[in-house]
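Asker: Sequence:
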Amino acid sequence: MYRYTGVLLAGLVLVGAWEYQTSHGRVGSSSDLQHKTAITPALSKYIEDTLLKESIPGLALGVFHAGGETEFGAWGKRTEDGDAMSTDTLFIIASCSKAFVSASIGILMDDYAHGRNVTPLPDNVTTFDWDTKVKDLLPEEWELMDKWADSSASLRDILSHRTGLPRHDWSYGPYDTAEDVVKRMKHLRPAYEFREQFSYNNLFYMLGAHLVSKYTGSYTQFVQDRIFDPLNMTSSTYSPDKAASSGKLTHAWANFGRRIPTWFTEKNAAISNGPGGAISSVEDLEKWVRMLMNGGIDPYTNTTIIPRSAFDAVTSAQVVATGLTWPGVDSVVCYGLGWLRHSYLGHDACLLPIIITPIMLICRVQIISHSGDIPGIATNIAFLPSEGLGIVVLTNIDETSFPTVDLPQRIIRDTFGHATPSAKNSEIPLSPASTPATPFPSDDQY
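Here the sequence shown stands for residues -25 to -1, 1 to 421, where the numbers follow mature numbering (1 follows the signal peptide of the UniProt record, and there is no 0).
Each statement offered as a hint is correct.
In silico DSS-like links for lysine-lysine, alpha-carbon gap of 27 angstroms or less:
{"no.": "1", "residue 1": "LYS242", "residue 2": "LYS217"}
{"no.": "2", "residue 1": "LYS189", "residue 2": "LYS108"}
{"no.": "3", "residue 1": "LYS122", "residue 2": "LYS108"}
{"no.": "4", "residue 1": "LYS110", "residue 2": "LYS161"}
{"no.": "5", "residue 1": "LYS223", "residue 2": "LYS20"}
{"no.": "6", "residue 1": "LYS189", "residue 2": "LYS110"}
{"no.": "7", "residue 1": "LYS108", "residue 2": "LYS161"}
{"no.": "8", "residue 1": "LYS158", "residue 2": "LYS110"}
{"no.": "9", "residue 1": "LYS122", "residue 2": "LYS189"}
{"no.": "10", "residue 1": "LYS122", "residue 2": "LYS158"}
{"no.": "11", "residue 1": "LYS223", "residue 2": "LYS28"}
{"no.": "12", "residue 1": "LYS189", "residue 2": "LYS217"}
{"no.": "13", "residue 1": "LYS110", "residue 2": "LYS122"}
{"no.": "14", "residue 1": "LYS242", "residue 2": "LYS189"}
{"no.": "15", "residue 1": "LYS161", "residue 2": "LYS189"}
Label-pair restraints from in silico Cβ distances:
{"no.": "16", "residue 1": "GLN196", "residue 2": "PRO95", "range": "15 to 21 angstroms"}
{"no.": "17", "residue 1": "GLY57", "residue 2": "TRP123", "range": "54 to 60 angstroms"}
{"no.": "18", "residue 1": "ALA219", "residue 2": "GLU154", "range": "24 to 30 angstroms"}
Treat the hints as calculated values from the structure; they're not laboratory data.
All C-beta atoms in this analysis are idealised placements derived from N, C-alpha and C, irrespective of residue type, glycine included.
From just these sequences and the hints, can you work out the full model?
Answerer: Right under this line is the structure:
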């Protein structure tokens, strides 16, 4: 964990008030849900006031409605020289990158199932699915200190953070390889019994990217070929140099106001590609989120990007991340495979109500989301599948709950006409990765 000292930047000027764009083309599945406009003058004023109050240099926002409407907004500045933030500004999206790992593994499984990948699997691997043991896929590399976890851990276990291994973020250096990380796991002490409880861990998303590379040649090229290119995400990349040379990469600031270097460089980015290294913009991420809102199918081309079985697996709850709730407002939070699943502000637009008694139904807004935080960047991606709403928030400052909690919750309330809960909003995390009260607080590592 890294900390920075310095003098708070004074006199922050917000550059560019806000921009609002709407596309009325038919995009995404049809929906009878009545969505209100999200980016209103009132929301813009709320964002401007918060950026000034919390010294957040810049923010880019996208709100996507299943009926086809897209709203984009950008506030503040992208660079220290005062260049305005824009919706094509590039950000390292930190832990929002994890969903690309789980999606890639799901695509790879489907490739093997249908004979599209002929790279030989180990002889003892007869079925390649989420319950395949890691030791069988990486027999010469995988070993854990806990022998039960070593012999039993599956891909589902490692990607849902239930191996018992804690973060161990100091166990690797910036110039290690993912293979180095995997081979070193046998020296790392577990904190819990295997499958005892949720314990957030970046190492296994390094392993996930390494696994894709082992059986395809290159994880980043696989994502490029199977996700970025088919979705026409033309600015998205894993190369910091490419992002910087485009002139669109944001500068980064610590949460006390000092500008800091971009966290990943071309020399040290490779090890973090899986857990936190994807680089994208709100405009490109609209295409990613709309595909997710459409169950893995690109709504623009009707092409399957993530096979349905893989989409269902990665977005389904696999383990309880936190049982703390605010009754009537939030729910138990579960982790899938690179995604959180939870609910916020129950109401009767839910498609699958839970029957409590013959005359009582509880319905909630189901949210699938993930946030990210590295030095100088805080991000959040969320979509509400039954409600037909997607949200992307990207900011160029770290350790702030505004993009990960306060702003997305405000958008959900405004879009569906909810009143503000009586308690402080920031106490209920939309994407719990960013709040210290949750099992995986932000600590400058994805």
